[in-house]
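Trainee: With chain A fixed as given, assemble chain B onto it according to the hints.
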Amino acid sequence: MSATPIASTAPSRLSVRDGIGRQLDYWWTVYKRTWRGGIISSFVSPLFYVVGMGVLLGGFIQVDPARLEGAPSYLAFIVPGLVAAHAMQMAVGETTYPVMGGIKWHKSYHAQMATPLEVRDLVNAHLVFVLARVASACAIFMLVLAPFGVFASWWGPFLAWGAQVLVGMAFATVVFGFSARLRSEEGFGVLFRLGVVPLVLFSGSFFPVSNLGPLLEWVARFTPLWHGVNLSRMLCLDTVDWPLAVLHVVVLGTITAAGWLWAIRGLERRLSS
Amino acid sequence: MILARGLRKSFGEFDAVRGIDVDVRRGEAFGFLGPNGAGKSSTMRMIAAVSPVSGGELRILGLDPATDGPAIRARLGVCPQEDTLDNELNVRDNLYIYGRYFGIPKAVVRERTDELLEFAMLTDKAKAKVEELSGGMKRRLTIARSLINKPDLLLLDEPTTGLDPQARHLLWDQLFRLKQAGVTLVITTHYMDEAEQLCDRLVVMDRGVIAAEGSPLDLIRQFSTREVAELRFGVGEHESLAAKVEDLGARVEVLPDRLLVYTDDGEEVLAKVHERGLEPIAALVRRSTLEDVFLRLTGRSLAD
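Residue numbers (the UniProt record's numbering), protein chains in the order written: chain A, 1 to 273; chain B, 1 to 304.
Hints listed in this document are in silico derivations from the structure and should not be mistaken for laboratory results.
Given the structure is predicted, the values throughout are model-derived calculations rather than measurements.
Errors might be hidden in some of the hints.
Here are some of the chain B residues that sit facing chain A, going by a computed Cβ distance under 8 Å [claimed, not checked]:
1. 54
2. 66
3. 67
4. 70
5. 71
6. 88
7. 98
8. 101
9. 105
10. 107
11. 169
12. 256
13. 257
Derived pair list, reagent style EDC-like, types lysine to aspartate or glutamate, alpha-carbon separation capped at 16 Å [to be verified]:
14. B/106 / A/18
15. A/32 / B/93
16. A/107 / B/131
17. A/107 / B/88
18. A/107 / B/82
19. A/107 / B/83
20. A/104 / B/83
21. B/125 / B/88
22. A/32 / B/88
23. B/106 / A/25
24. A/104 / B/93
25. A/104 / B/82
Using N, Cα and C, we set each Cβ at its ideal position, and we do this for glycine too.
Pulled out of the complex, with its shape left as it was, chain A reads as follows (with noise of 0.2 Å):
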């Protein structure tokens, strides 16, 4: 006797929209539950960084604005890019351990996976999540900032906005992949000691990398971050290379559609073994 053919009247695969639709619920109630938290992490402690070192620090460093590439203070050279690495370092984090929980703790994912959602819509409603936490954080943030006198016109905040959003979604698609491949949580250790960590201090947030000396200069210039860090500075500081702009958002956006890829496939791999 054969299987019952019953003709099938939802469509197979769900729309992009449908797909991430379906999961705003749950995402809400995970927001509901990790905002507290979040505000510390995603506004608290950077606000710290730019006291401490943009105006504290700051305050010892007097230099021509042509060695700050073109920032009239140091406070104003280091909060484009602080809030870009913290852009990325908010992306980072909603990306490993969250990602390894719906895998292995909490195993949500294999739950989703026995609806009519795919691995795609999984990947893609938890990055619309870290847009939004991270979009939101930095429009805050640069909110807060603007009466300090640091961005050169009422436009360029807005587009530094957008290249920071952008950093975060180049890192947030890549270190998806990492972790939706990763067996143990201790790979993170080493992601944040050997990536996050150095790329925050070395890729132009904090000082302009041709102090690194001509060859790091250009490890440093190939860094996905800096290209973040510049953008955002260029914007921030009314000193944009139009030409050097679109490289940035290109090489930013090539990252993120390829890591989107990583991700998707990475978690496929995960789940059906």
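Mentor: Same frame as chain A, but now just chain B:
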């Protein structure tokens, strides 16, 4: 509802499922019985359209899981072996959010959530965190969650493993009610009593292949005798004593802790054992079960 022909699943070099044929019909309760590692869960994951088929043919509800995964899963209920409840959510939200994944409108999900809380006897725990629930309650919640989309086909992977006897019977009762309501059930288990209680038809799986197929009663008739006399002697004596009782039944199995004599009249066997001057420490007569079928088919017991 399910049609499999020569179905295979390999993980690298290891063949978990090595070519099985299965037909599951609408409205029946179908079981996969076998020890751990027999390939039951791998088969279930393929049927659930989450694990790609390595070889052979598989149709679920007439659809191909390779191309119609989402459409198949929209009409399945899946109760996995390990609970995948969200510990961070309360009981009600576990149902509600899961229902939303199926694209069920909010108002309808709310209504069904209330019904299913009632069904799972968890209404007074609706606001509790999942962590606070007992093992039996978690299982009931998992089953309730798998029913949120009113599935045509409900897959239950080892539904009562790890539960105490009372919780098991409660769960069996609920599965009976679902069966009465016309839901097709597919159950994997390594408990023969569960298979006997719940399944209309089952396959006995061992090492990735199907060893036998039929209703529990058919299988017992076909592969065992009506009754079994269990004789317990001193440790280490069973092997040597087997020869002395061999002629009393259709077959004798030697287990580390007892001898099983397969016969149609157990009491008569016991009487003859005593006549021969043998004094078992303990002896009992019972009817044959699927455990005996499994022993006969594989030479091993299900608990191995």
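Trainee: Among all the numbered hints in the text so far, which are the ones the structure does not match?
Mentor: The structure breaks hints 1, 2, 9, 10, 11, 12, 13 and 24; every other hint is satisfied.
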